[in-house]
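Chemist: The primary structure of each chain is shown beneath.
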Amino acid sequence: MAKYLLLKHYRGGPAPTVDWAPMDQWTPDEVDAHLRFMHDFGARLEETGELVDAQALSPDGAFVRYDGEGRPPVTDGPFVETKDLIAGWYIIDVESWDRAVELAGELSAAPGPGGRPIHEWLEVRPFHGVPAAVPE
Amino acid sequence: MNGELLRDLVPAVIGVLVRRGADFASAEDAVQDALVDAVRGWPANPPRDPRGWLITVAWRRFLDAARADTSRRRREVRVEGEPVPGPVEAVDDTLQLYFLCAHPCLTPASSVALTLRAVGGLTTRQIARAYLVPEATMAQRISRAKRTVSGVRLNQPGAVATVLRVLYLVFNEGYSGDVDLAAEAIRLTRQLAARIDDEEVAGLLALMLLHHARRPARTSPDGRLVPLAEQDRSRWDRHLIAEGVEVLQQALARDRLGEFQTQAAIAALHADARTVEETDWRQIVEWYDELVRRTDSPVARLNRAVALGEADGPRTGLAALAGLDPALPRYAAVAAYLHERAGDPVTAARRYAEAARSAPSLPERDHLMRQAARLNSQPRS
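Going line by line, the protein sequences match chains A and B. Going by numbering that gives the first Met the number 0, the letters in the first sequence line up with residues 0 to 135, in that order. Going by numbering that gives the first Met the number 0, the letters in the second sequence line up with residues 0 to 380, in that order.
Hints are computed from structural coordinates only; laboratory data are not their basis. Check before you lean on any hint, since a few could be wrong.
Said to hold, decoys possible - In silico lysine to any residue, SDA-like type, Cα no more than 20 Å apart, as pairs:
#1 K2/A x E45/A
#2 K2/A x P133/B
#3 K82/A x P133/B
#4 K2/A x V79/A
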């Protein structure tokens with residue numbers, strides 16, 4: 000088994016295939032269908048024993064860095080509209096890269112306006128695992 | 000004997016060990032070990048005197064640990080042999096533990112963790128799960144907290160107010176894991192109320208009972224948040240409400256008002272209304288005035304603006320909101336609600352979308368997003 004991060008973005012990544020309106024412009028039923036899909040996706044991963052963690056992030060926040068001895072850290076925020084912005088993640092523990100890609104494909108098919116799949120780009124990233132007991 | 004009754008005994012047993020000469024940290028560990036033994040052994044072989052059993056086993060565990068630890072050799076000499084019978088309980092050990100675990104030298108998170116373990120008798124694993132942190136992290140938090148209070152004598156009176164703040168924090172965490180923290184907070188507050196005659200302890204207990212009573216109606220079967228105005232009030236727990244109101248009335252009759260009694264009075268007024276239309280908003284505003292006078296809390300002012308909007312109309316509510324800091328949590332959600340009531344769905348939708356972005360929880364975010372979507376998809380003239 001290997002762990003992968005499925006990263007959702009508010010913005011950033013390759014150009015979207017379909018440029019959907021923001022969710023607050025959808026109908027309440029479309030919002031519901033989308034939220035139900037996300038919930039069910041997590042529940043299904045739990046059932047198959049592949050879910051490690053799922054979290055959603057607020058778009059608020061800032062960049063922070065050290066600014067030298069005795070000085071308070073420098074913050075840079077809120078985030079600029081053009082920059083890549085992470086929305087949340089699923090961490091999965093699966094048999095293979097192919098399985099991770101398959102699951103990301105399913106997640107990307109979450110319904111949007113008119114119930115059509117949103118084709119959202121998801122970033123799939125392998126974790127550096129722990130060293131094996133038997134080195135190859 | 001069920002787990003809760005067993006856990007009721009924990010603080011008193013820790014107290015006995017401490018009076019026999021154990022330090023708090025070791026006594027607490029020994030009682031946790033004894034609890035594990037009890038959970039394993041009691042179903043097949045229940046003791047006649049559960050408290051006596053726990054004291055005996057915990058004391059033995061303490062002695063074993065003290066012997067095993069060579070660096071504790073000196074104390075081992077002191078505690079070796081038959082336990083010295085403690086003096087007749089002049090002080091209430093359980094009460095002292097509440098004070099110790101909420102000691103002002105601890106951070107709120109440490110106080111919460113230590114209270115749940117030493118007073119509540121929960122395991123580190125259970126507490127970790129409830130707060131969604133790794134068990135090792137919670138274990139570390141608890142042992143640091145124990146070190147921090149190691150110099151505090153257990154027989155000093157503490158401040159009730161700090162204990163109440165800790166219990167209120169536990170209650171507000173709700174239920175995320177396999178431990179129902181709201182129910183646990185109620186159990187601990189009940190236990191405290193039985194030991195100390197204090198109007199604010201009663202006020203907090205009433206507040207918890209009245210909020211807990213509404214819990215079944217607060218989420219729909221599919222996990223959606225249901226706002227107060229839309230809740231199915233037949234699903235409110237009438238027994239809990241009756242108990243909460245009675246506890247509150249007894250406290251209020253003594254005419255020593257405090258913050259928690261005031262909040263409980265507001266909760267009682269909501270619980271008292273059979274329909275949302277029956278809500279006595281005028282009185283609720285008065286209680287919020289009282290709460291603002293007492294606490295000067297911006298959150299109380301925000302809630303007062305909502306109540307004012309109901310009592311005197313949304314424009315009055317918006318005027319009250321205008322004086323507050325827009326960075327307050329839920330400020331945008333309140334503004335959205337009042338703007339919609341004032342007949343401005345465009346502004347309301349914008350504020351709901353804004354509120355969704357900074358929502359403190361996912362169910363709340365989803366709820367606010369639905370509100371924005373609802374307003375944006377309405378036909379506009």
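Chemist: Does each hint fit the structure? Answer for all of them.
Modeler: Here is what the structure says about each hint:
Note on K2/A and E45/A: the hinted pairing holds, with a Cα-Cα distance of about 14 Å set against a maximum of 20 Å. A distance of roughly 18 Å separates the Cα atoms of K2/A and P133/B; the hinted pair therefore holds under the 20 Å criterion. Restraint check for K82/A and P133/B: the C-alpha separation of about 32 Å exceeds 20 Å, so the hint is violated. With a C-alpha separation of about 31 Å, the suggested pairing of K2/A with V79/A is violated against the 20 Å cut-off.
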